[in-house]
Structures are given as C-alpha cells and as structure tokens.
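Colleague: What follows is the residue order along each chain.
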Amino acid sequence: MSALLDVRGVSKRFGGLTAVNRVDFGLEAGIASIIGPNGAGKTTLFNILTGLYAPDEGSIVFRGRPLVGLRPDQIAALGICRTFQNIRLFANMTVIENVLVGMHTRVDLGLRDILLRGPKFLREEGRLWTSAAALLERVGLRASANEVSRNLPYGDQRRLEIARALASQPTLLLLDEPSAGMTQGEAAALMALLRQLVGELALTILLIEHNMRVVMEVSDRVTVLDHGEKIAEGRPAEVQADPRVIEAYLGRGSGDRTGRTRAQR
Amino acid sequence: MILHAILTVAAVTVSSLAVAVFPRSVLAFLLFQGSLLFVYLARIPTWLRATLLGVALLVLMPLIGAYNGYYLEVATQVGIFVALALGLNIVVGLAGLLDLGYVAFFAVGAYTWAIFGSPHANVIFGGGFPLDPVWFYVFLLFGLLVAAGTGILLGLPVLRLHGDYLAIVTLGFGEVIRVLANNLDKPVNITNGPKGITPIERPPTLLGVSYGEYFYFLVLLIVGVVILVNRRLEDSHVGRAWEAIREDELAARAMGVPLVRMKLLAFACGASFAGIMGVVFSAKQVFINPESFTFLESIGVLAMVILGGMGSIPGAVLGATAVTVLNLQVLKGLSLWLNELKNAEVIVLGYNLANLPTQFEPAKYERMIFGMILVLMMIFRPQGILPARRRQRELAELATPNPRHVVATPP
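Protein sequences, first through last, are from chains A and B.
Residue 224 in the working numbering is what sits at position 224 of the first sequence, and the numbering runs on without skipping anything.
Residue 285 in the working numbering is what sits at position 285 of the second sequence, and the numbering runs on without skipping anything.
Do not take every clue at face value.
Quick list of simulated restraints, FRET-style, between CB atoms [said to hold, decoys possible]: (1) B/Phe380 with A/Arg22: 56 to 66 Å; (2) B/Trp135 with A/Ala202: 51 to 61 Å; (3) A/Val68 with B/Arg367: 29 to 39 Å; (4) A/Ala134 with B/Val209: 46 to 56 Å; (5) B/Leu184 with A/Gly15: 44 to 54 Å; (6) B/Trp47 with A/Gly110: 32 to 42 Å; (7) B/Asp164 with A/Leu109: 47 to 57 Å; (8) A/Phe14 with B/Arg160: 14 to 24 Å; (9) A/Arg112 with B/Val188: 32 to 42 Å; (10) A/Ala143 with B/Ile385: 44 to 54 Å; (11) A/Arg22 with B/Arg160: 25 to 35 Å; (12) B/Pro45 with A/Gly110: 27 to 37 Å.
Computed footprint of chain B on chain A, listed as stretches where at least three residues anywhere in the stretch have a Cβ under 8 Å from a Cβ of chain B [as the list claims (entries may be wrong)]: (13) 99 to 107; (14) 112 to 120.
Keep in mind the hints are simulated off the structure, nothing from the lab.
Yeah, the Cβ is synthetic: ideal placement off N, Cα and C, and Gly gets one too.
Using the sequences and the accompanying hints, generate a full structural model.
Modeller: Written out as structure tokens, the structure reads:
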C-alpha cells in the first residue's frame, strides 16, 4: 500500500542546531496532528514539506512523486497547501482577492488571453470568482468578501487563510496552529469544519496544534516531535499515555505544572 | 450631476478659449489641464466624460498646438513620461520591487532606433544606413522587445533581493547602462560616446500633419495602449500575483505563485513601455546622448509614481503630468518671472533685486521648490494624489493599530 505522503530520514540543520533530525513520517487519509513542545521542529517540518526549506538529507514522496528539490509553487501545484502559524494573509488585498491568489496554480490563462480579454478570459475569470465566492461561503466569510483582509477579526483571518489554502484544490492541507488564539467554542467550530472538509473534498489534513483538547478530539493519528526527533506516534489515546511524551512536555521531575497548561502555552 | 455636467463642459470650453485668446499665457494652459482633471473627477456620466476627454485630447489639444506649438511639445513630453510612470508603476507599485535605474530601459529603446535610424550604424556595419524611415514602425516593436529582454537580464541577478538591496542594485544597473552609452565609442563605436548620435531619422508622417502633431498623436496612441494593457494586467491573476508578492513574498510562493516567472514578467512589462517610448523619443529629438538618461531621470519617474499614488493607474498618469508640467512650465515660468523682476531692478522691502548675488539667481530656485513640493507632499499626503484604493489603507495602517497586533499576540 502506498501512503499519500512518505517522509524518510529528513533532517534540517541551521548552523549547529539540528531543527529536524532524521524524521520518518507517513500519512494516509484523514486528519493527523503533529504535537510537541515549542522548538520541537514542527513548523520547520512544514516548511520542508512545502518547499520553503530544502532538507539537508532524506526523501519526501507525495503521491508517488519525490518533492525534494521542487519549488514551493510546484509543490502547491501538486496538491500540498498550507496556512501559517502567524497569519500571513495578503493584508491589503480584499478577502476574495486573497482566495483568488490561492487559485493561481489552477488558472488556465496565458498572457495573450489577459491582453486580448476575449471570451476565454472572461469565462475563466468568471469561473474563478464564482468558485472563490463558493469557498468563502463554505468558511462563512461570504459577507466580508470585499473587505480588506487585514480589517477582519482575528478568527476570520484564520478561516480566510484556510479558504485561501483550499483554493489551490490541495490533496493535503497543512494547518499550522489553526486554532491559536481562538476560544474553545471557536476552535470546536473550526474542527467541525475541518471534519466536514475531509469528508466532502477527499482531503487529508495535517495539523500542528497546541490545544490538546482539539488534538485529541479531532485527530486520527498523532505524531510527537521533541528536539527535532520523533518520539512517539499513534492513536491519540496511545500517545497521551506514552511516558516519553509526558516527559517531553513536563520535563523530568517537574510536578507543579500540568501537561495541559504547558501544552496550551 | 447635471450641474457637474454643465460645469465640466463650461470649464473645458472656457479654458480652451482662454488659451486661444492668450496663447502665451502659462496660466491659461494650466487652466486647460485643470479642466481635464476636473472632467475626470466630476460626477458625470461615463459617456460624457469619455466624449469630453476625447474631444479635448484629439481635437482641442492639436488646435491649441496651432496657436502655440510649444504646448503641443509639452503635451507630447507629458505623454512620454506618463508611459514611463505607468511602466514603473507595474514594477514598484504593483510588484513592490523598488527600481532606481528605470530610465536605463528608456535609454535602451532610444539607442536601438538611434543607432539604426541614423548614419551612425555605417561605422559599425559598413554601409546601407540609415534605414528607411518606415522601419521606425518595426523598431517600435523591436525597441519594446529589446527593452523587455534587458528587463529580464536585470531581473535575473536580483531575484533574491528585496527592498534596499534591490534598490541599490537597480541603481547600479541604471548607471552601468549610462556609462556604457558614454564609453562604447571604442573599440567599436556603437554609441558614439558622450557626443551622442544625430541625425536620427523620423518616420514619414501621414496626411500632411506637422511633426509636432504627428508625435503628439503617436504618443497619445501609445499611452492609450499602455493604459489598456496596464488595466488588463492589473485585473487578472498576473496582477493579483504581483500584488501578493508585494504583500508577502513567502506566502505568495506557498500559495503557488511562481516567484521567478512573475518577477521577471513585472520587470519585462515595465521595461517594455519604457523601450517603446525610447524609440519615439529618439526620433522626436533627432539627437540623443547619454545626458538624457541620468540617475536623476530615474528618480524623476519614481517621484511621479509616488506623487501620483503607488499602484494606481490614474495616479501614475496624474503624477507624470503634474511633475512634467511643473518642470517644463510652472517652475520655469516662475524663475523667468523672478528674473524679469531682477532685470527691471524692482525694489522689495527696500532691497534692489538687481543687487542679488549670482548664488541666489532665480533659475537656481527651480529644483529647490520642486524638492520642497515633494517633501510637503510626503508629509501631508503620503499616499499620493490619486492613491489606489488599497494602497490608501496600507498607509492608514500606521495610524490605526493593526487588529492582528491587538488580538493575535500569542498568550
């Protein structure tokens, strides 16, 4: 059986610091999470998967195609798209324009079509706007389509980032702390949305998440990173009980803090 | 709305009559230009706006040129700089790539026709030059392509650079082109060095119009095409990709925007507008030398884009017009007037102006006043005269706290 994503022995070093150390990692359908203390290498792994960093060693295969050496836009075209931990919207563009940029790899227009502005251009452009509006509808931002995105409330910005990532019709969606800064209620609503997307769009989602309640509820599988190494992997309940995970979060002999508060920062 | 319609028609009529009655009055011509701006901004139906602007630019302006040929020359120069500003607006305003050597592409276009459209090419190829003036039309396209190629050539090494670093490299590139033009008279004489190239052939005019009118209409046509191309690019996935790169390069890449191709496309598009106008410029001037393509010219075009409003097409048009008219007419008129006062030995506050030392000569005020206008504009209207809708918001960011910073600070 071939996995959707197969990461083998991937390492990334920054000077003397090994941010990701020979991580093996596989993904199939559903929702998976990566957890781990701050500085564990989770976001670095995302940056490697999306082509923003080149790994120092190791291989990544996505749907049978090697990813190492591809540019970020090529990887996006193959069907991996992401959101960012610290929101990176195109702040001065409108909400719908943000989603339209996300569709860039799916636009079938050349320079000539743009300059001639013939029926093909108008048809294609119309299609883009319609499906962008539909995506906004889906994440509940249809009413703010023409707002400048940096004027959106924080939670809406997070959802817009997800909509923008979905715009490229990914097979694998990487979400970097999507519920950060949200209330439990908002986070629960977001996770319901993610579940729905997985069901409807044949989408696989990989989450980085600090909110343990969210992680344990929504994930089919959980991978734990610490100091750049994978220390545990499995179903949420298994991982939760793993002594090495507890140690990574609490440290040896620190009895005054609970795992949950540390995990939620 | 009706009031506006009447007012705009009246403004255009009165101001063009004023120019006809006082053909040497700078004020009358400024009034005419102001009336066009009024037409653009007034709340009138689109058909009326289009008709008024069309009549003013296609009929009234050439008529005015019949009364005072210099005004047609001013209008032609305005058109040339409008095209330059629109080209730079793509690179700086949309894609956010600060280019301080933009005039280099103008030079490339100008030299392309200057070399082959003058006897100078005989020095290189032996004989058979200048080319027949009809070739001018081919060279409009050729100059555009050569400049676009030069744009890509500049783009390649600076792909990884941002902001200040990019600005310095483009500045250097602009200087390299100028220095090349200055020194490529040996070992093979390509540019004729500082002496410049002359006489450059002019295309055959049609229907017996004068050269002044011919170049005016040609420039007007090209500006029209440039505006159209600009608008179509801006309103497409390419324009959105450029803006995305300006906003957040990393996020744009992750969303599938091919950074290299889009940046090179921005450089090439911007350069091509300058290239085609360069060809027109060299034919219009008959003579070109490296002095026309100094760093100050690049800064001048950048000032037009910033003054008008970055990323805004109407802004670039207005900025180019304002700066060109300011330089050619208003400031010149002012210094002439001051000079007259001086020559007439007018006494101000008991001081005879004729005794002014040469260091305070009125001609020296021109640049100073221009500089002061720039400074005041940046203080009181940093977003430009006609800012792009979103650019305005970006600058307002400084005044109102970004909601992101308020809410999103991680606990």
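Colleague: Hints first: check each against the structure and report whether it holds.
Modeller: A quick look at each hint next to the structure:
1. Look at B/Phe380 against A/Arg22: about 59 Å separates their beta carbons, and that is inside 56 to 66 Å.
2. Between B/Trp135 and A/Ala202 the beta carbons are some 59 Å apart, a value that agrees with the proposed interval 51 to 61 Å.
3. Look at A/Val68 against B/Arg367: about 56 Å separates their beta carbons, and that is not inside 29 to 39 Å.
4. Against the hinted window of 46 to 56 Å, the Cβ-Cβ separation of A/Ala134 and B/Val209 comes to about 55 Å, which satisfies the hint.
5. Checking the proposed 44 to 54 Å range against B/Leu184 and A/Gly15 shows it holds: the Cβ atoms sit about 46 Å from each other.
6. The hinted window of 32 to 42 Å between B/Trp47 and A/Gly110 holds, with their beta carbons roughly 33 Å apart.
7. Remark: the range hint 47 to 57 Å for B/Asp164 to A/Leu109 is contradicted by a beta-carbon distance near 34 Å.
8. Taken as a hint, the range 14 to 24 Å holds for the pair A/Phe14 and B/Arg160, whose Cβ atoms sit roughly 18 Å apart.
9. A C-beta distance of roughly 38 Å is found between A/Arg112 and B/Val188, which places it inside the suggested range of 32 to 42 Å.
10. As the Cβ distance of A/Ala143 to B/Ile385 is approximately 33 Å, the hint placing it in 44 to 54 Å is violated.
11. Between A/Arg22 and B/Arg160 the C-beta distance comes to about 29 Å, which sits within the given range of 25 to 35 Å.
12. A hinted range of 27 to 37 Å holds for the C-beta pair B/Pro45 and A/Gly110, which are about 36 Å apart.
13. Counting residues of the stretch 99 to 107 of chain A whose C-beta lies closer than 8 Å to any C-beta of chain B gives 7; at least three are required, and the coverage claim holds.
14. With a threshold of 8 Å between beta carbons, the proposed coverage of the stretch 112 to 120 of chain A by chain B holds, since 3 of its residues qualify and at least three are required.
Checked against the numbered hints given earlier, the structure breaks hints 3, 7, 10 and satisfies all the rest.
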